[in-house]
Structure formats: structure tokens, C-alpha cells
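Novice: The listed protein sequences correspond, in order, to chains R and C. Under this note's numbering, the first sequence has 356 at position 356, and the numbering climbs by one with no breaks. Under this note's numbering, the second sequence has 420 at position 36, and the numbering climbs by one with no breaks.
Certain hints may be false.
[Unchecked claim] Counterexamples of contact, computed for chain C against chain R with all Cβ distances above 10 Å:
{"hint": "1", "residue": "388"}
{"hint": "2", "residue": "513"}
{"hint": "3", "residue": "525"}
{"hint": "4", "residue": "541"}
{"hint": "5", "residue": "544"}
{"hint": "6", "residue": "572"}
[Said to hold, decoys possible] 30 Å max Cα-Cα, derived DSSO-like pairs, lysine-lysine:
{"hint": "7", "chain 1": "R", "residue 1": "101", "chain 2": "C", "residue 2": "536"}
{"hint": "8", "chain 1": "R", "residue 1": "337", "chain 2": "C", "residue 2": "654"}
{"hint": "9", "chain 1": "C", "residue 1": "391", "chain 2": "C", "residue 2": "768"}
Calculated from the structure, these hints are not laboratory results. All C-beta atoms, glycine included, are put in the ideal place defined by N, C-alpha and C.
Protein chains: 2
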Amino acid sequence: MKSNLYKTALLKDVIPFWSKNSIDNDHGGYFSCLTREGEVYDTDKFIWLQGRQAWMYSYLYNNVAQNKEWLEIAKNGIDFLRKYGMDKNGNFYFSLTREGKPLISPYNIFSDCFATMAFGQYAKATGDKEIEELARKTYYNILERRDNPKGKYEKSTGNRPLRNFSLPMILSNLVLELESVLPEEEVALRIDDSVKEVMDVFLQKDGLIYENLNPDGSFSDSFEGRLINPGHGIEAMWFMMDIAERKNDKKLLDEAVQVVLNTLEFGWDKQYGGIFYFLDIKGYPPQQLEWDQKLWWVHLEALVALSKAYSLTKNQKVWDWYEKVHEYSWNRFADKKNGEWFGYLNRQGEPHLSLKGGKWKGCFHVPRAMYQCWQAFEKIENTK
Amino acid sequence: MKSNLYKTALLKDVIPFWSKNSIDNDHGGYFSCLTREGEVYDTDKFIWLQGRQAWMYSYLYNNVAQNKEWLEIAKNGIDFLRKYGMDKNGNFYFSLTREGKPLISPYNIFSDCFATMAFGQYAKATGDKEIEELARKTYYNILERRDNPKGKYEKSTGNRPLRNFSLPMILSNLVLELESVLPEEEVALRIDDSVKEVMDVFLQKDGLIYENLNPDGSFSDSFEGRLINPGHGIEAMWFMMDIAERKNDKKLLDEAVQVVLNTLEFGWDKQYGGIFYFLDIKGYPPQQLEWDQKLWWVHLEALVALSKAYSLTKNQKVWDWYEKVHEYSWNRFADKKNGEWFGYLNRQGEPHLSLKGGKWKGCFHVPRAMYQCWQAFEKIENTK
Numbered sequence: 001m002k003s004n005l006y007k008t009a010l011l012k013d014v015i016p017f018w019s020k021n022s023i024d025n026d027h028g029g030y031f032s033c034l035t036r037e038g039e040v041y042d043t044d045k046f047i048w049l050q051g052r053q054a055w056m057y058s059y060l061y062n063n064v065a066q067n068k069e070w071l072e073i074a075k076n077g078i079d080f081l082r083k084y085g086m087d088k089n090g091n092f093y094f095s096l097t098r099e100g101k102p103l104i105s106p107y108n109i110f111s112d113c114f115a116t117m118a119f120g121q122y123a124k125a126t127g128d129k130e131i132e133e134l135a136r137k138t139y140y141n142i143l144e145r146r147d148n149p150k151g152k153y154e155k156s157t158g159n160r161p162l163r164n165f166s167l168p169m170i171l172s173n174l175v176l177e178l179e180s181v182l183p184e185e186e187v188a189l190r191i192d193d194s195v196k197e198v199m200d201v202f203l204q205k206d207g208l209i210y211e212n213l214n215p216d217g218s219f220s221d222s223f224e225g226r227l228i229n230p231g232h233g234i235e236a237m238w239f240m241m242d243i244a245e246r247k248n249d250k251k252l253l254d255e256a257v258q259v260v261l262n263t264l265e266f267g268w269d270k271q272y273g274g275i276f277y278f279l280d281i282k283g284y285p286p287q288q289l290e291w292d293q294k295l296w297w298v299h300l301e302a303l304v305a306l307s308k309a310y311s312l313t314k315n316q317k318v319w320d321w322y323e324k325v326h327e328y329s330w331n332r333f334a335d336k337k338n339g340e341w342f343g344y345l346n347r348q349g350e351p352h353l354s355l356k357g358g359k360w361k362g363c364f365h366v367p368r369a370m371y372q373c374w375q376a377f378e379k380i381e382n383t384k
Numbered sequence: 385m386k387s388n389l390y391k392t393a394l395l396k397d398v399i400p401f402w403s404k405n406s407i408d409n410d411h412g413g414y415f416s417c418l419t420r421e422g423e424v425y426d427t428d429k430f431i432w433l434q435g436r437q438a439w440m441y442s443y444l445y446n447n448v449a450q451n452k453e454w455l456e457i458a459k460n461g462i463d464f465l466r467k468y469g470m471d472k473n474g475n476f477y478f479s480l481t482r483e484g485k486p487l488i489s490p491y492n493i494f495s496d497c498f499a500t501m502a503f504g505q506y507a508k509a510t511g512d513k514e515i516e517e518l519a520r521k522t523y524y525n526i527l528e529r530r531d532n533p534k535g536k537y538e539k540s541t542g543n544r545p546l547r548n549f550s551l552p553m554i555l556s557n558l559v560l561e562l563e564s565v566l567p568e569e570e571v572a573l574r575i576d577d578s579v580k581e582v583m584d585v586f587l588q589k590d591g592l593i594y595e596n597l598n599p600d601g602s603f604s605d606s607f608e609g610r611l612i613n614p615g616h617g618i619e620a621m622w623f624m625m626d627i628a629e630r631k632n633d634k635k636l637l638d639e640a641v642q643v644v645l646n647t648l649e650f651g652w653d654k655q656y657g658g659i660f661y662f663l664d665i666k667g668y669p670p671q672q673l674e675w676d677q678k679l680w681w682v683h684l685e686a687l688v689a690l691s692k693a694y695s696l697t698k699n700q701k702v703w704d705w706y707e708k709v710h711e712y713s714w715n716r717f718a719d720k721k722n723g724e725w726f727g728y729l730n731r732q733g734e735p736h737l738s739l740k741g742g743k744w745k746g747c748f749h750v751p752r753a754m755y756q757c758w759q760a761f762e763k764i765e766n767t768k
């Protein structure tokens with residue numbers, strides 16, 4: 001049974017891998033740079049990954065079992081983030097030294113998104129009012145900064161203003177994460193706003209999600225405007241499905257499922273299998289040298305979107321795609337020898353970086369997807 | 385005869401490819417984004433590549449033949465750079481729209497380096513005093529900015545200050561390029577300074593060039609500190625050989641040649657052939673996802689360094705490496721069907737981006753290397 005596959009992977013393989021290898025007992029926080037075997041090869045602390053791991057353990061505590069060890073591991077990250085993560089204006093750094101000294105300034109608002117996500121789940125787990133307040137404060141700070149998220153680090157002159165997909169997409173998920181700490185009307189407003197941005201603006205007439213658009217929502221014929229990031233589009237669609245389910249919105253659900261299918265059709269590598277990382281909508285060479293690589297998170301988000309879509313629609317096309325992505329992913333990303341998943345395959349499907357964690361890969365996409373797929377398959381199996 | 389191979393490639397293939405496809409007759413400057421066939425697929429103007437192409441055509445005019453068409457093509461870039469390239473403080477933008485409106489701000493001092501290189505060669509070709517003055521002004525502006533080249537766009541906090549190899553390396557070549565427009569003592573001073581920086585600081589005890597060091601010249605055990613960029617080290621070594629030849633410095637010459645051999649030994653892919661793009665000195669996963677790709681410029685710079693080294697030393701080990709790199713490069717990068725060279729091969733040695741030009745590849749490394757190898761082989765053949 002697939003629910004069992006995912007549950008076992010989550011609880012017997014993935015989470016133990018991080019619990020064993022990533023905790024910095026001396027300075028707090030987590031190591032994210034782990035070799036294939038789990039050895040720490042670099043000690044820098046990247047705020048995205050600190051926030052994501054603290055979120056993950058809090059989430060498991062809230063949703064799987066009130067396991068004290070998980071809460072302690074979550075607290076280890078929360079304390080580190082609270083103590084060292086912010087500058088004096090409450091903006092989160094991008095990275096810190098092992099000891100917590102800032103290395104890279106707050107040029108990147110996603111650090112703040114993942115920190116507040118962690119604070120929200122942890123406050124829910126513990127009832128800690130101070131952390132709850134910090135979650136709210138950070139959330140509103142993100143909203144305030146959203147029109148100029150990079151501040152003085154913005155290198156664009158403004159002569160080609162572009163609307164970027166990442167923030168509306170993340171907000172659509174973040175606001176649900178923070179539901180227990182935000183006012184009801186803010187949650188409702190933000191959900192409606194995000195759905196509109198994602199489905200009425202960034203979803204273009206060809207049925208695909210674009211990463212960047214002109215301010216009026218039209219196509220920008222530039223490197224940024226032509227960029228399609230299939231994994232990103234697919235991930236956003238399961239956020240939309242969650243909202244559709246919650247609002248009982250069949251139209252939104254069906255649209256989201258269709259976009260997943262469109263994106264897989266467009267983004268699947270017909271020669272070697274797997275989903276491309278980046279594509280140019282006109283078929284021109286993308287500027288990203290890694291465009292043809294197969295990334296762990298892209299395939300995991302596809303497994304989540306497809307299992308969720310199937311649990312909600314029983315659509316046969318969805319199931320066919322699920323099986324195809326499942327076969328590709330479990331055979332190539334899962335590391336049978338040392339546990340967890342490889343992060344980076346070349347186009348041919350072989351790991352070309354053996355790391356289990358690094359600057360961008362931490363304790364997040366693998367366990368989150370294992371949990372989401374486990375839940376989706378329980379639903380599927382229970383209604384059979 | 386190899387001199388003929390390079391001469392013919394330069395004059396019958398590479399330069400005609402750019403002369404035919406890259407000139408923007410409507411707005412001035414050059415298109416650099418060209419497909420395999422030479423079709424323009426994006427019209428943004430990247431200052432690195434505008435400067436490099438204007439330099440290349442001026443250089444050919446000065447060194448190969450006083451061809452009027454070449455000088456006109458050079459002027460087309462020089463005029464565009466002078467008119468649109470700078471902000472009001474004389475700092476060069478990173479990129480412009482086709483029409484010359486700034487897109488990306490002057491966060492990157494290498495734009496200025498390639499612009500002044502172009503101004504220097506063009507002034508030499510034409511005697512244009514205004515351009516000569518602009519070359520000088522831009523050069524001194526680079527020196528002024530060199531301790532904080534990114535200005536307000538610098539995201540590092542200063543808690544891990546690192547010395548970077550790129551600028552000393554580029555200055556060692558730039559100052560020779562600008563010899564005709566700079567005072568003699570500035571040239572002499574800068575040469576000595578650069579040689580010291582490159583050979584006494586960035587060349588470490590293991591015989592390799594490091595990209596980043598602690599301010600005191602010691603090893604920094606961080607992603608940046610562990611980074612080896614073999615192509616960069618090899619390119620710098622032929623700059624050193626030029627200086628050694630000019631100063632008749634046999635010790636410097638022998639050292640530089642040895643570093644080329646060390647770097648090839650370290651950076652050569654024993655499994656698939658070719659030179660890796662990035663490596664971690666400790667063998668850990670580099671943060672660059674493109675680390676195992678084989679790039680055109682890396683291999684061309686190796687061909688230049690090796691042919692130059694052989695012409696100056698007749699060292700058999702150098703010749704063996706030359707043949708190995710030659711065989712690899714000419715069979716894989718040179719596009720027999722449409723001319724010019726592919727830019728990006730995957731680890732296995734197949735083009736994974738078919739472009740002839742893009743954001744980073746323009747009319748520079750291929751023709752410069754063809755010229756340099758042509759000259760080196762003429763010398764080799766004449767002394768046989």
C-alpha cells in the first residue's frame with residue numbers, strides 16, 4: 001500500500017536521517033550541508049533551511065504525534081532563529097555562521113517567509129505567546145516589504161518592471177500555515193487575493209504558470225518573461241487544491257488539476273524522463289545552465305500534486321501521470337544505501353551531486369511530500 | 385599546420401559569424417543572444433559582451449589587418465557604450481535594453497573592465513583622444529572602486545571578509561591592454577602588484593589558484609574558500625606568461641607553466657574527459673549546480689596557455705596536455721555545421737545548450753583564443 005510506503009519512509013528513514021545528523025548541539029540550529037552518508041561538510045546556517053526544518057518538526061508534532069523529541073528539535077531551531085536570525089528591523093538574514101553571526105544580509109524575503117512559517121507551527125504546538133507574536137510581526141513585515149522585497153539590494157533599474165510569481169504563491173500557502181495566529185478576515189482576504197493572482201494573472205492562456213509578467217499581466221518577451229519553472233507551477237497547484245478543498249470550490253480544483261497535467265505535458269523530458277528544472281516558453285536556450293537537471297523537489301511536489309489530485313478527483317489521466325512520476329522518482333532519487341533522497345540528477349537521471357543537504361536542500365521537501373502523499377493515499381485507500 | 389587551423393578558423397569562420405549575425409544596425413551595439421544558426425533570440429545588451437566585442441574588433445584591426453569593416457564594427461559598439469553604458473558617476477551598467485535603456489545597475493565592476501579594455505584598443509586604432517581619456521577615466525574609477533566593487537549591492541555583512549581573485553587577475557591583463565593610454569610608471573606598478581597578488585597570494589602551497597582567501601591570504605574553509613575554478617586559474621597563467629616574456633623573467637614563466645600543469649591534473653575529468661567548471665578543494669559538493677559542465681572558455685583558455693607555454697619552453701609535458709585538450713575541444717565544441725563554437729557541454733561532452741551566444745558568451749573567448757593560438761603556433765613552427 002502506497003500510504004505505508006510514504007509513512008515508513010517519513011518515520012523510519014527521512015526524519016531519523018535529519019534527527020541524527022543535522023542537530024548542532026553546541027551552537028543551536030541545524031547543519032544542512034550533509035554528505036551522502038550524513039557527514040557535516042559545511043557549518044554555515046542558511047535561514048531558509050533553519051526555518052523550514054523548525055517548521056517541519058513542529059508540523060510533525062502537530063499532525064503526526066506529540067513526540068517530545070520532535071518538539072525539542074523544533075525548539076532548537078526556533079531559539080536559534082529568534083536569537084540570531086533577524087537584523088534590528090526584524091528582517092531575516094540569508095545566512096549566518098555556525099555561531100550565529102550574520103553572513104549574508106536580508107536581501108531575500110523568503111528567509112522571512114520560512115521563519116514565520118516555523119514560528120506559526122511552533123506557536124500552535126506550544127502555545128508560546130511570544131513566538132506567536134513574532135510570527136504575526138514577521139508576517140506583516142513581509143506584506144509591508146512585498147512591493148520592494150530586495151530593498152537596496154534590488155539591481156533592476158525599474159525600466160522593465162516585472163511581476164514575480166514566487167511571493168503570491170508562497171503567501172497562498174503561508175496564510176494557511178498561520179491561520180491559528182492571524183485574524184480570520186486577514187486569512188480570508190489573503191486567500192482570495194492569492195488565488196486571483198495565481199489563477200487569473202500568472203496562469204496564462206496556454207494553461208501554464210509563468211514566473212514573471214509585465215505589471216499589467218501581459219507576456220514579457222525577455223529571459224525572465226519566457227521562463228517556465230514546471231516544479232514551481234506544480235507546487236502552487238497543490239496549494240490551490242488545498243484552498244479549493246477548504247472552500248469546496250470545484251471549479252478551482254478542476255482548474256488546478258488541469259494546470260498540473262498541462263505542466264507535466266510541457267515539462268516532461270521525452271528523451272530521458274523526469275521533469276526539467278527550467279524551460280523557455282519559446283523553446284530558446286534558458287539562461288540557467290542547470291535547466292535540464294532533474295531536481296528532487298520538483299518531482300516530490302509533482303507526487304504531492306498528483307496524489308492529492310487523484311484523491312480529490314479520481315481522474316485517470318492524473319493516475320497515469322502519478323505512476324510515471326512515481327516510477328521515475330523512487331528509482332532514482334531515493335538513496336537505498338544511505339537513506340533520504342538525492343537532490344540533483346543530471347538530465348540522464350544520475351546523481352551529479354551526492355549531497356543530502358546543502359545551501360538549498362534541507363529537511364523540508366522530502367519529509368513534507370512524504371507526509372502529504374501518505375495522507376492522500378490513506379484517503380484514496382479508504383474510499384476504495 | 386596548426387597556425388593555419390587557427391588563422392582560418394578566426395578569419396573564415398568565427399569573425400564572419402559575428403560580423404554577419406550580431407550587428408544591431410538600428411540601435412547600435414551588438415546582439416549577443418544568437419542561436420546555433422546565428423538567429424537573434426533576445427535583444428538585451430549585456431555590457432560585458434558589448435565591451436568585449438568592441439575590444440575584439442579593435443584588436444584585430446590593430447594586430448591582424450587594418451580592415452575598415454572591422455573598425456566600423458568596433459565603432460558601433462564604442463558609440464553605444466559611450467552613449468548608454470554609464471550612469472552619471474561613470475559606472476557601467478550590467479545590462480541595457482536593445483535601445484540602450486539601463487536594465488541592471490552597476491553592481492558588477494567587470495562591466496567597467498571590459499568597457500575600458502575596448503576604449504583602450506579603439507583609441508589605439510583611431511587615435512581618438514576623447515575615447516583615450518574615457519579609457520583612462522574608467523580605469524582609474526575601477527581602481528578607486530576595487531575595495532568595494534559592488535557598493536550598496538554588496539550582500540556580505542563583513543563578518544567573513546574574503547579576498548577575491550578576479551580583479552587582480554583581470555588587472556594583470558587590463559594594464560597591458562591599456563599600455564598605450566596609461567603612464568609608464570602606472571603600468572609597471574600595476575604589473576608588479578598583480579604578479580605578486582596572483583603568484584604570492586592566490587597561488588597556494590598545493591600549486592593551485594584559489595578563488596577566495598582570508599584577508600591575510602590564508603585558506604577559508606567555506607564554500608567560497610574551497611572553490612577552485614580551473615579555467616580561471618589557467619587563463620591567469622597565460623597572462624603571467626605574457627608578463628614573464630615581456631620582463632624576460634624565466635622564474636615567473638616556469639612557475640606559471642607549472643601551475644597550468646597542476647591545474648589540468650587537478651581539474652581534468654578522468655571519466656569523461658574535459659576540464660570541470662568548478663571543484664571543491666576538499667572534494668565536497670560545490671554549491672554550483674553546473675560544476676561538472678564543460679565550458680568553451682575554459683578549454684580555449686587552456687589551449688592558449690598550453691600553446692603559449694610550449695612556444696616558450698618546448699616542455700614535452702605541456703605538449704602532451706596540449707594534444708589532449710586539442711583533441712577534446714575541437715571534436716566537441718567546434719560546430720562543423722553552423723560555424724563558431726558551442727558554449728556549454730554536459731559532463732558527457734554533448735552540447736546541452738545549443739546557443740552560440742547568450743548572457744555570458746559573446747564575441748570574445750573563441751576569437752581571442754584563435755588569434756593567440758595562431759600566433760603561438762607560428763612561433764613554434766618558425767623555430768622548428
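Novice: With reference to the structure, classify each hint as holding or not holding.
Specialist: Evaluated hints:
The claim that residue 388 of chain C is not at the interface with chain R holds, since no C-beta of that chain comes within 10 Å of its own (minimum 32 Å). With a least beta-carbon separation of about 31 Å from chain R, residue 513 of chain C lies farther than 10 Å from that chain, consistent with its non-interface assignment. Its beta-carbon lying about 19 Å from the closest one in chain R, residue 525 of chain C satisfies the requirement of being farther than 10 Å from that chain. Not every beta carbon of chain R lies more than 10 Å from that of residue 541 of chain C, the smallest distance being close to 5 Å; the non-interface claim is violated.
Not every C-beta of chain R lies more than 10 Å from that of residue 544 of chain C, the closest at about 6 Å, which undercuts listing it as non-interface. A cut-off of 10 Å between C-beta atoms confirms that residue 572 of chain C is not in contact with chain R; the least separation is 36 Å. The hinted pair formed by residue 101 of chain R and residue 536 of chain C meets the criterion: a straight-line CA distance of about 20 Å does not exceed 30 Å. Distance check on the hinted pair: residue 337 of chain R and residue 654 of chain C sit about 25 Å apart at the alpha-carbon level, within 30 Å; holds.
Restraint check for residue 391 of chain C and residue 768 of chain C: the C-alpha separation of about 19 Å stays at or below 30 Å, so the hint holds.
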